[in-house]
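At position 50 of the sequence shown (counting the first as 1) the number is 49 in numbering that gives the first Met the number 0, and the numbers step up by one without a gap.
No lab work stands behind these hints: they were computed from the structure. Among the hints, erroneous ones may be present.
What the hints assert, rightly or not - In silico lysine to aspartate or glutamate, EDC-like type, Cα no more than 16 angstroms apart, as pairs:
1. K3 - D64
2. K3 - E57
3. K67 - E57
4. K5 - E37
5. K25 - E37
6. K25 - E35
7. K5 - D64
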Amino acid sequence: MSTKNKIYLVLSIVVLLMTFVGIFQKFETIHFIGFETEIIWIPVWIGVVILPLLNLYEIAVNTDDYNKYYWLALLLNVISIFFILRYFEIELLS
C-alpha cells in the first residue's frame, strides 16, 4: 500500500492545478443539477470534497506509519479549498 499515499498526493496536485486553470480560463457553461457552472468545476468540486476526507481517514488510521505524503496532500487540498472559496466569493464567517 505504499502507492496509495502517492496517488492521493498526485490527485491533490491535479485538483490544485485544475483549480488554477478554472480560475484563469473560461470553459463551456453547462446546467448541472439545477446550477449553471463551467464544466471544469464539476471534477474540481468532487475532488475538493472527497480528497480531504480520504487523506484525513488515512492519517487517522495509519498512526504508526510516517504520513508525510498524506499531510502534504491534505495541505494542498486546504489550499485548493481556500482558492475556491475566494473565487466563488463564499463567506463562511459573515
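Verification of the hints:
Proximity of K3 to D64 is assessed by CA-CA distance (about 13 angstroms); at most 16 angstroms being required, the pair is judged to hold. Our distance criterion of 16 angstroms between C-alpha atoms is met by K3 and E57, whose separation comes to about 10 angstroms. Our distance criterion of 16 angstroms between C-alpha atoms is met by K67 and E57, whose separation comes to about 11 angstroms. At most 16 angstroms may separate the alpha-carbon atoms for a hinted pair to count; K5 and E37 exceed this at roughly 29 angstroms.
Between K25 and E37 the alpha-carbon distance is near 8 angstroms, which keeps this suggested pair within the 16 angstroms criterion. Straight-line distance between C-alpha atoms of K25 and E35 comes to about 14 angstroms, which keeps the hinted pair within the 16 angstroms bound. Restraint check for K5 and D64: satisfied, since their Cα atoms lie roughly 14 angstroms apart, inside the 16 angstroms limit.
Going down the numbered hints, you'll see the structure goes against just number 4.
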